[in-house]
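Next come the chains, spelled out residue by residue.
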Amino acid sequence: MNWQEFEEQLKKQAEGHETPVDTEALWSRVQTRKRRRFVLFFWWLLGAAGLMGGAYWIAARSQQPSAVSTSQEEIQQIARTNVNAPDSSSVSINETAPVSNPTLNVPKTTSPKTAGAIRTSQHKNTPSLAGTSPKTVIPKDLPSHLITDAAPSSPQPLNPSTPQPLISSTPQPLNPSTSQPFSTPPPPGNEAIPLLPTYIRLLQSPAADEFVLPESFISPYAPLFAVPAKSGYQVGIQSGISYWNVFHPSGPDAVFPRANERLLEAVHAGAFFQKQMGRRLIIRAGLQYQRYNAVFRWQESSILANQPRQVHNYHSDGHVDTTYIPSGTLVEKTRTVRQYNYVSSWMLPVDFKWRIPAGRTTLMPFLGVQAGFQSQSGALLNANGQPDFSRYKSIYKTLFNLGLRTGISTEWRINERNHLLIEPWGSVDLRSRTGRFNPAYEQFWQAGVSVGVVRMMSYE
Amino acid sequence: MSETAHDIFALVQGCIRRQPASQKELVRRYAATLLSVARRYARNPSDADDILQDCFVLAFKKIESYDPARGSLIGWLRKIAVNCALAHYRNYRFNYERAAEILPENVDISSDVLSKLAFEDIMALVNTLPDGAREVFNMAVFDDFSHDEIAAALGIPAGTSRSLLSRGRRLLQEKILKLQSNELARI
Numbered sequence: 131m132n133w134q135e136f137e138e139q140l141k142k143q144a145e146g147h148e149t150p151v152d153t154e155a156l157w158s159r160v161q162t163r164k165r166r167r168f169v170l171f172f173w174w175l176l177g178a179a180g181l182m183g184g185a186y187w188i189a190a191r192s193q194q195p196s197a198v199s200t201s202q203e204e205i206q207q208i209a210r211t212n213v214n215a216p217d218s219s220s221v222s223i224n225e226t227a228p229v230s231n232p233t234l235n236v237p238k239t240t241s242p243k244t245a246g247a248i249r250t251s252q253h254k255n256t257p258s259l260a261g262t263s264p265k266t267v268i269p270k271d272l273p274s275h276l277i278t279d280a281a282p283s284s285p286q287p288l289n290p291s292t293p294q295p296l297i298s299s300t301p302q303p304l305n306p307s308t309s310q311p312f313s314t315p316p317p318p319g320n321e322a323i324p325l326l327p328t329y330i331r332l333l334q335s336p337a338a339d340e341f342v343l344p345e346s347f348i349s350p351y352a353p354l355f356a357v358p359a360k361s362g363y364q365v366g367i368q369s370g371i372s373y374w375n376v377f378h379p380s381g382p383d384a385v386f387p388r389a390n391e392r393l394l395e396a397v398h399a400g401a402f403f404q405k406q407m408g409r410r411l412i413i414r415a416g417l418q419y420q421r422y423n424a425v426f427r428w429q430e431s432s433i434l435a436n437q438p439r440q441v442h443n444y445h446s447d448g449h450v451d452t453t454y455i456p457s458g459t460l461v462e463k464t465r466t467v468r469q470y471n472y473v474s475s476w477m478l479p480v481d482f483k484w485r486i487p488a489g490r491t492t493l494m495p496f497l498g499v500q501a502g503f504q505s506q507s508g509a510l511l512n513a514n515g516q517p518d519f520s521r522y523k524s525i526y527k528t529l530f531n532l533g534l535r536t537g538i539s540t541e542w543r544i545n546e547r548n549h550l551l552i553e554p555w556g557s558v559d560l561r562s563r564t565g566r567f568n569p570a571y572e573q574f575w576q577a578g579v580s581v582g583v584v585r586m587m588s589y590e
Numbered sequence: 330m331s332e333t334a335h336d337i338f339a340l341v342q343g344c345i346r347r348q349p350a351s352q353k354e355l356v357r358r359y360a361a362t363l364l365s366v367a368r369r370y371a372r373n374p375s376d377a378d379d380i381l382q383d384c385f386v387l388a389f390k391k392i393e394s395y396d397p398a399r400g401s402l403i404g405w406l407r408k409i410a411v412n413c414a415l416a417h418y419r420n421y422r423f424n425y426e427r428a429a430e431i432l433p434e435n436v437d438i439s440s441d442v443l444s445k446l447a448f449e450d451i452m453a454l455v456n457t458l459p460d461g462a463r464e465v466f467n468m469a470v471f472d473d474f475s476h477d478e479i480a481a482a483l484g485i486p487a488g489t490s491r492s493l494l495s496r497g498r499r500l501l502q503e504k505i506l507k508l509q510s511n512e513l514a515r516i
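Chains as they are written, first to last, in my numbering: chain X, 131 to 590; chain W, 330 to 516.
If we strip away everything but chain X, and leave its shape as in the complex, we get (with noise of 0.2 Å):
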């Protein structure tokens, strides 16, 4: 006896062999199972939704330390603006100090209308507090019961550490450029002060706790998310080409012999928001529709190998019959792939990009996820080699893919409101089209172009 009989002969023994089983406990365990890849994925999606919300918060609380952690020119500004505002009145003056050691007596508590203007500019994110406020106004019309008698022969800088007479007999033009930083402590208690409004008192002083944030509670992250004092939500439409392909990291019997690769066509067309989150990053949502051309030529190679194949016909009734087709009467023939005649794809991309702008033109290259379903259907091949479209009901499959995207998004704006879009993208998809084990692997990769029209909806 040769190998090949003692092989065949031990095959033989083996085919049909069963080992007893209790298919009912069997059951149950593969239920416990399903239920349990349920449970997995449910838990995935509340850790993505939780994720995902994580992220607003961040961005939505980075808000609030980007607007209190104003800069001493912000905070310079808000000053000059409220020394000129009709409320200044609410610091007041105590006209009975000597005429000689002038002071501002400060309150230790504010009126409430100029702790709600403070509280009102810190949270707000007013554009006032952006860089947009109102002109700086040295203010002209300085009351006259302000002035001290004590004339300097020459306007004195203002030093925080050495308290100076707050206002000299001889008017002093209140120069912006010459203040001193902020952050030097102030005098204690009610003392004399440099020429600092009430509300620039009340950020060092304790009653400012109220109002004001350590450094340490200011997000790292705050410069990423800080939200610009202009931005909001725009919308868009896009539309495009790419070609598509797979990869062949395996198999022999790949569907998609190498030698017959070449770049396919996909059109697709889709909608989408995004949403500035920072000064330079954007986050992109949409919905996408692809349709891919999916007609391929390859050669058959069982039937190559000269075996006779039997086709299975599915009718749409559910009646099967069977064609033979006879060996050696194909050799090559135009066949369509029965699960890649028509491949169409709802996918819903999200991207984060990152925004630089160069003029009317902004340039944003993104990365991105994209997760959707494919439906796949086709045709099988009548007697002749031929697909036939009449019978292709079991040939249907629905798959839940994730991918990944990159590109570059040009911008050009139109106008205002209105933005041209062109963004070369590429995509390739992290899952097989084929099975876990079938032994043809294949990933789709995409490379196109989307031409759109971005519109600006709202300012925040």
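Keep in mind the hints are simulated off the structure, nothing from the lab. Worth double-checking, as some hints may not be accurate.
Pair by pair, the computed Cβ-Cβ distance ranges are [as the list claims (entries may be wrong)]:
no.	chain 1	residue 1	chain 2	residue 2	range
1	X	N132	W	D336	37 to 47 Å
2	W	R346	X	R490	22 to 32 Å
3	W	D460	X	W174	26 to 36 Å
4	W	P349	X	E135	42 to 52 Å
5	X	F530	W	H335	37 to 47 Å
Simulated coverage check for chain X against chain W, where a stretch passes if three residues somewhere in it have a Cβ under 8 Å from a Cβ of chain W [to be verified]:
no.	stretch
6	135-143
7	148-161
Positions of the beta carbon are idealized from the N, C-alpha and C atoms, including for glycine.
Chain X is fixed; fit chain W onto it per the hints.
Leaving out everything else, chain W in the frame of chain X:
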């Protein structure tokens, strides 16, 4: 119950629609055969049960990719079972060293001796083969994998697959002959 193409088509369609009745019928119909496959690869019965469960869970998940034109449903399920078994032991590092083995053309076992052995006995002998040789022997002899497919599945060169098969053959022959001589001695 004879399995007509129509039965199988209806069964597959039911599984695609996630109908529990169809899925349960699939389990009832093929579990015994697939357990037999799983036990050839498993190191113990408990592992075989796990592999069988994995096999059905994966089959239900991937049932849409079953293509009747490419082969029978049981053949497809057997391939899944084999791959589940390989995946089950994927973390083990087998010693797949390539050892050139030259085997004689013929086996020193008569077909009578082989036919007298119960399949369970043969499987017991196959299961005593060392890791690597056992997988390759199972895949090549019982499950019709080519050496290229074995190489791809196990991540080894095709030449190593061939030499492991040769080693499996030789060891199995030795074990059967030993069993045969023990039987003769007992008589």
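Hint by hint, here is what the structure shows:
1. A C-beta distance of roughly 39 Å is found between N132(X) and D336(W), which places it inside the suggested range of 37 to 47 Å.
2. A beta carbon spacing of about 54 Å between R346(W) and R490(X) contradicts the range 22 to 32 Å that was offered as a hint.
3. Range check, D460(W) to W174(X): about 35 Å between beta-carbon atoms, so the 26 to 36 Å window is met.
4. Separation of P349(W) from E135(X) is about 45 Å and conforms to the stated range, judged on CB atoms against 42 to 52 Å.
5. For F530(X) and H335(W), the hinted distance range of 37 to 47 Å is not satisfied, since their beta carbons lie about 30 Å from each other.
6. For the stretch 135-143 of chain X, the stated coverage by chain W is satisfied: 7 residues place a CB nearer than 8 Å to a CB of that chain, which reaches the threshold of 3.
7. Counting residues of the stretch 148-161 of chain X whose CB lies closer than 8 Å to any CB of chain W gives 10, which reaches the minimum of 3, so the coverage claim holds.
Hint check: violations occur at hints 2, 5; the rest are consistent with the structure.
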